[in-house]
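Student: As a plain string of letters, each chain reads:
2 protein chains.
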Amino acid sequence: MRTTSIIAKKRDGEELTANEIRFVISRYVAGEIPDYQMAALLMAIYLRGMTERETAELTMAMARSGEELDLSSIPGRKVDKHSTGGVGDKTTLVVLPLVAAAGVPVAKMSGRGLGHTGGTIDKLEAIPGFRTALGQEEFLACLRRSGLALSGQTGNLAPADKKLYALRDVTATTASLPLIASSIMAKKIAAGADAIVLDVKFGSGAFMPTQAAAEELARTMVAIGTAVGRTTRALVTAMEQPLGLAVGNALEVKEAIATLRGEGPDDLTELSLALGAEMLVLADKAQTAGAGKELLRGLLRSGAALEKFRQFVLAQGGDARVVENPNLLPQAKQVLAVPAPASGHIISLRADQVGRAAMALGAGRERKEDDIDPAVGVVLNKKVGDAVRMAETLAWVHANDARRGREAVAALTADYAIGPEPGDLSPLITGVIG
Amino acid sequence: MRTTSIIAKKRDGEELTANEIRFVISRYVAGEIPDYQMAALLMAIYLRGMTERETAELTMAMARSGEELDLSSIPGRKVDKHSTGGVGDKTTLVVLPLVAAAGVPVAKMSGRGLGHTGGTIDKLEAIPGFRTALGQEEFLACLRRSGLALSGQTGNLAPADKKLYALRDVTATTASLPLIASSIMAKKIAAGADAIVLDVKFGSGAFMPTQAAAEELARTMVAIGTAVGRTTRALVTAMEQPLGLAVGNALEVKEAIATLRGEGPDDLTELSLALGAEMLVLADKAQTAGAGKELLRGLLRSGAALEKFRQFVLAQGGDARVVENPNLLPQAKQVLAVPAPASGHIISLRADQVGRAAMALGAGRERKEDDIDPAVGVVLNKKVGDAVRMAETLAWVHANDARRGREAVAALTADYAIGPEPGDLSPLITGVIG
Chain A
1281 MRTTSIIAKK RDGEELTANE IRFVISRYVA GEIPDYQMAA LLMAIYLRGM
1331 TERETAELTM AMARSGEELD LSSIPGRKVD KHSTGGVGDK TTLVVLPLVA
1381 AAGVPVAKMS GRGLGHTGGT IDKLEAIPGF RTALGQEEFL ACLRRSGLAL
1431 SGQTGNLAPA DKKLYALRDV TATTASLPLI ASSIMAKKIA AGADAIVLDV
1481 KFGSGAFMPT QAAAEELART MVAIGTAVGR TTRALVTAME QPLGLAVGNA
1531 LEVKEAIATL RGEGPDDLTE LSLALGAEML VLADKAQTAG AGKELLRGLL
1581 RSGAALEKFR QFVLAQGGDA RVVENPNLLP QAKQVLAVPA PASGHIISLR
1631 ADQVGRAAMA LGAGRERKED DIDPAVGVVL NKKVGDAVRM AETLAWVHAN
1681 DARRGREAVA ALTADYAIGP EPGDLSPLIT GVIG
Chain B
1281 MRTTSIIAKK RDGEELTANE IRFVISRYVA GEIPDYQMAA LLMAIYLRGM
1331 TERETAELTM AMARSGEELD LSSIPGRKVD KHSTGGVGDK TTLVVLPLVA
1381 AAGVPVAKMS GRGLGHTGGT IDKLEAIPGF RTALGQEEFL ACLRRSGLAL
1431 SGQTGNLAPA DKKLYALRDV TATTASLPLI ASSIMAKKIA AGADAIVLDV
1481 KFGSGAFMPT QAAAEELART MVAIGTAVGR TTRALVTAME QPLGLAVGNA
1531 LEVKEAIATL RGEGPDDLTE LSLALGAEML VLADKAQTAG AGKELLRGLL
1581 RSGAALEKFR QFVLAQGGDA RVVENPNLLP QAKQVLAVPA PASGHIISLR
1631 ADQVGRAAMA LGAGRERKED DIDPAVGVVL NKKVGDAVRM AETLAWVHAN
1681 DARRGREAVA ALTADYAIGP EPGDLSPLIT GVIG
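Sequence lines, in order, name chains A and B. Going letter by letter, the first sequence gives residues 1281 to 1714 in this note's numbering. Going letter by letter, the second sequence gives residues 1281 to 1714 in this note's numbering.
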C-alpha cells in the first residue's frame, strides 16, 4: 500500500477502504508516514469530506492507536458524557455526581481549557488538594470506591488523535466535520465508554456557530457511535450567552455545589437534568428521559447527589469541607460591580466575549503553557431578556489585579447590549439526536 | 502575515495576493515554513486551482527564489525552447544548432531523463568526452564563442521549484495545472530567456494524456509568459508513438545528426523546423513561421546547421568526429530484430511502452540514482499506418545483455498492434498557442 496513492484517492473524492485508513493511522503514529504527507491528506479530507463509513473507520483506527481503558471489571453499563465546550459550562460537575448517585458508574477523562472556554480539570483543581492526575490503577480504584472518577487523560489513549490534532491546528484543517467528530469519539471510545451522551453546543460561545452546524456534527457523531456499537445520543443546545451565572474556575465550582443543593440557576439545572436523564436511559436505569429527570430531581432533593459529590472530592484528595463552606475555595482580592450604562432590557450578551473577559482576568489560557488563576472570573447578575435600570449591577468582576479588574469592567459594560425590548433567544435545548 | 491564514484562504477558494505568495515562497525556501504547511497549501491549490494572476505571481516568486542567470552581455534576443517530454524526442539536438546557425544565441539548461522519457543531457553525454556540467562562466564563454551552449542546471536556479517539486511528488499534488506550468516557466525565466518556445506534447508517451489537457497547459504557460513580459509561444504536438525512429541515447544522437544532414525521419524534421521557425520569429530573425522554415531549410541544405553542431560538440569537449562517423558513438553488442507476428497494418504503437522497453534495456532510469547505458535502445522500422508482412522486421533492439535483449524483443512484439486497416493518427502538430 502506498501513501501517495491513498492521498490521491481522497484527493479525487473517492472513498478510502478500512485497510487504507488503518494503514495511514498506524504508520503515522509509528512515525513512518511524515507530517507532510498527512497534511496533504488532511487537506484532501477537509475539501472532499468523508462518508459515514470512512469516518467510523477513522474513529476506530484512532481509538485503537494506543492504550484502551478496560472498564469491564466495573459492573454495569459505563456511560460517558461529553460537551463540545462553552462558556460557564460546569454541567459535568453537576451531572456526574447526580448520575453516580443513581447507581450508574461514571469514569470520565477530561481536558484542560484553551481559549475562551474552560476545562473541567481546571475547575476541579480550584478545590484545595483535588488531584486529577490519576494513574490508571488509582482511577479504577476511585471508580470502584465511589462509583465516580474523573481524571486528566491517563495513559497513552488515542495518540493518533493527539498527533493529528496538533497537525490540523497548523495546517488550517481544524474545522472539518469528519475530523472533529472522529477526534471526539475516538477519545471516548478509547476511554472505555459503553454509551455516550453528547452536548453539542452552538452559538457565539461554541465551536459550532449555528444550530444547523451543531446538528450536523451531532448526527455525524451519533452515526459513528452507531457504526462502532456504542449507543450515542446528542442534545443540541444553545451557547449564545454563558450557561448559568458564574464564569471562572472556583466561581463555577461554587455554582455547581449550589445547583447540587437544588439552588442553582434554572438553565444549568435544566441542562444538567436533561443530560443526566439521557445517561440514565442509556445505562438502562430509566425507561424514558422524563422518568430519568424525575429520578434525578429526587436525588437533588434528598441530598444524595451532593453527598456523592462530597465523596468524590474526598476520594480524589480534595478538601471536602468546600461542599458545606464554599468560601474555602480560592477568593479574589477585589469584587467590582459592572454598572448598567442605560435602562432597558438585555438584548444580547455574547458568551465568547464574557469568556474572553474572564480569560483576560487570568481564568483561562491563551496558550497551553499559560498558568491560570482559580479565584478570578465573572458572575453575571443580568442575562438576556432581563430588565435593568441605569446604574444597576449587570455583573461582578472577581479580580486579583486592579488594572485587569478595571479593564474587565469596561469590557463587560461594552459586551451587554441594552435596548427597549427584551432580546430574542433560542430555547436552551433545541433537539435530541440519536 | 500568518501561514495558516494563507492556507485557509486558498482552502476556501479565495485568490491569494502577490504579497502572500511571495511570503510563502521566500519563507519556504528559507526553511521557515515547514513542509507540512506547504503540503496542505499544495493540496488546497490542487483542489481549488489558481487564477492566471496567482499563477504568474507564483512563477515569478519561484524564479526569484535563487540565482538568476544574466544573459544581458550576450547581444540579441535570447530564445529558450522547452519540451514537456516524450519518447524519442531529440528535437533539441536538431533545433539548437539550426537556430544558432541562423544567428540566434541559444543558451539552454537541460535536465536528465526520468521514467520512460529521455533527457537531452543524457543524450549528449553519449558523445565521448562531451561535458554538460559547465560552470556559469564557462557556459557564457561557450555561448559567446559558438553562439550555442547547453548545460545541466548551473548555479542555484529557482530553488523554490526544486523543493516544491520534491514535495509535490510525495504528496500527490503533481498533476496540478498551475503548479506544472509555474514550475516549467520559473526555471526558464531564472535561466534568463527573453522569449520561450514550448513544445507541449499529449498522448501515451507524454505527461498530458489528451490534446485538450495539453492545450490547457499551453494556454496557462503562454498566459504566464505574457503576464511576466516574456513572449511565449507553444506548439501542441502529438506523442502517441515515438518521435522519429530511434529511442536510446547514442541512437538518438545518430538520428539527430542524420536529420541535420537533411536525412532524418519526416516527423522529426517537420517538428524541428516548426519549433526552430517560431524561435526565429520570437528572436526577430523571421517575419513569419513560414519564412523561418524556409531560412532553416536552407541552413540544413548548406550544411551550416551540421557545422554548428560540430562546433558545439567541440566547444563542450566532445569528440566532433562523431559528426562524420556516428559509429564512434557507443555501440551495443547485440542488434536483435523484432519480427512481425502477422501481416497487416500498424494500428498503434504506444510511445510509453516503447519508452519502457528502452528503459528496461538500460537506456533510462527508474530512480534518479540509476546509471544508464548510452549504447542500448530501440530503432523502429515500422510506425503507425505502415504496412507490414508477417516476419518482416518491426524494429531492432540494441542490447548489451542477452536476456534483456530477448525480453525487449518480446515486449515490442506485444506493443505493436497489427490489424487489417491502417490506424488513425492525430496530425503531429495540432495547434499553435500564443
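Hints may be right or wrong, so weigh each one.
Treat identical chains as interchangeable: a pair holds within one or across any two.
25 Å max Cα-Cα, derived SDA-like pairs, lysine to any residue [what the hints assert, rightly or not]:
no. : residue 1 : residue 2
1   : Lys1613   : Gly1685
2   : Lys1289   : Val1615
3   : Lys1573   : Lys1662
4   : Lys1443   : Arg1282
5   : Lys1663   : Gly1597
Hints are computed from structural coordinates only; laboratory data are not their basis.
Student: With reference to the structure, classify each hint as holding or not holding.
Tutor: Consistency of the hints with the structure:
1. Lys1613 with Gly1685: Answer is within; shortest intra-copy Cα gap is 10 Å, inter-copy 90 Å.
2. Lys1289 with Val1615: Neither, since 59 Å and 43 Å both go past 25 Å.
3. Lys1573 with Lys1662: Neither: 27 Å inside a copy, 87 Å across copies.
4. Lys1443 with Arg1282: both (21 Å within a copy, 21 Å between copies)
5. Lys1663 with Gly1597: neither (36 Å within a copy, 87 Å between copies)
Comparing the model with each earlier hint shows violations of hints 2, 3, 5; every other hint is respected.
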